Amino acid sequence: MDSSKLKVLIRAVETATFSAAGEELGFTQAGVSYIIKTLEDELGIQLLIRGKKGVRLTQKGEALMEHVRNADAAMDALLSRAEALKNAQTGRLKIGALNSLSVAWLPSVIASFCADNPDIQIDVQEAGTDKLTEMLSTGETDFILTSVQPKGVDWIPLAKDRLMAVMHKEHRFAPEARIPLQILAKEPFIMPAPGFDTDIERLFQRSGIKANVIFTSMDDYAIVSMVQHGIGVSVVPEMILRDKSEGLAVRELAPCQYRRLGIAIPSLSDASPAAAAFIRRAEEIVPNIK
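The opening residue of the sequence shown carries number 2 in this note's numbering; numbering runs sequentially from there.
Everything labelled a hint here was simulated from the structure, so no lab data went into it.
A hint or two may mislead.
Unchecked claim - Label pairs and their computed distance ranges (CB to CB):
hint: 1; residue 1: ILE157; residue 2: LYS187; range: 35 to 41 Å
hint: 2; residue 1: PRO158; residue 2: ASP3; range: 47 to 53 Å
hint: 3; residue 1: ALA72; residue 2: GLY27; range: 19 to 25 Å
hint: 4; residue 1: ALA78; residue 2: LYS38; range: 24 to 30 Å
hint: 5; residue 1: SER273; residue 2: ARG173; range: 52 to 58 Å
hint: 6; residue 1: ARG281; residue 2: THR18; range: 45 to 51 Å
The structure displayed is predicted, hence computed values, not measured ones.
Just so it is clear, CB atoms sit at the ideal spot from N, CA and C, and this is done for glycine as well.
Please model the entire structure based on the sequences and the hints provided.
See below:
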């Protein structure tokens with residue numbers, strides 16, 4: 002049975018005329034009459050009595066109308082839910098992210114996304130670059146926000162983030178506007194833990210410079226705190242210094258260095274509607290985050 006016939010019947014009963022029902026629903030009077038006749042044939046019951054003053058329900062039609070309305074409402078709910086699923090308005094997202102991106106980017110993106118998609122559950126797991134790559138490969142996450150593009154996946158670039166030299170505000174290098182990495186590396190250096198934030202590690206490897214590492218930490222903000230207490234110097238992403246630079250001298254490296262940030266996903270073309278919609282929202286919002 003074509004469920005649209007139920008709407009025609011409901012409007013015919015409510016307006017008491019085929020012509021008015023047809024005008025509302027886009028059918029001719031003859032078209033409405035034909036639809037009602039086919040519905041009656043399918044049910045094997047006469048539903049309406051046709052007269053000069055319009056149409057009215059038969060006794061059996063009266064007995065069926067509650068079921069007709071319920072069936073029509075159920076079909077509307079089914080189609081609405083299907084449309085919601087198609088447009089990513091329900092579901093669950095598992096996102097992996099670097100701690101700095103989780104703090105600086107995700108709140109704005111999630112707030113905007115959830116305003117339009119309130120029924121999507123979002124699970125965020127923070128980890129280092131190596132662990133994020135592993136999580137993506139094993140399917141623990143739908144996609145990751147990271148600074149390393151794993152091999153064999155799709156990459157959606159979002160932004161560049163400067164790598165900045167940081168030291169106590171009274172450090173002897175504080176008066177300098179820019180600091181070469183090879184000079185900074187000779188100072189007591191606080192390094193991100195191996196495999197956690199590989200941007201700094203890769204920077205030293207590319208430069209062929211060995212740092213005088215005295216401490217390592219898995220937390221960017223712990224590193225900043227150590228530097229604020231004069232324990233050593235470091236290189237950190239500029240992103241994490243927002244509202245965290247009190248007591249610090251923050252200087253550009255010479256030459257200036259960046260990390261490239263983006264979203265890695267196994268296949269963008271095969272992404273779930275929810276994942277694809279979230280990525281589109283991130284592309285819209287991230288460039289405007291200051």
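> So which of those numbered hints doesn't the model satisfy?
Replying inline: none
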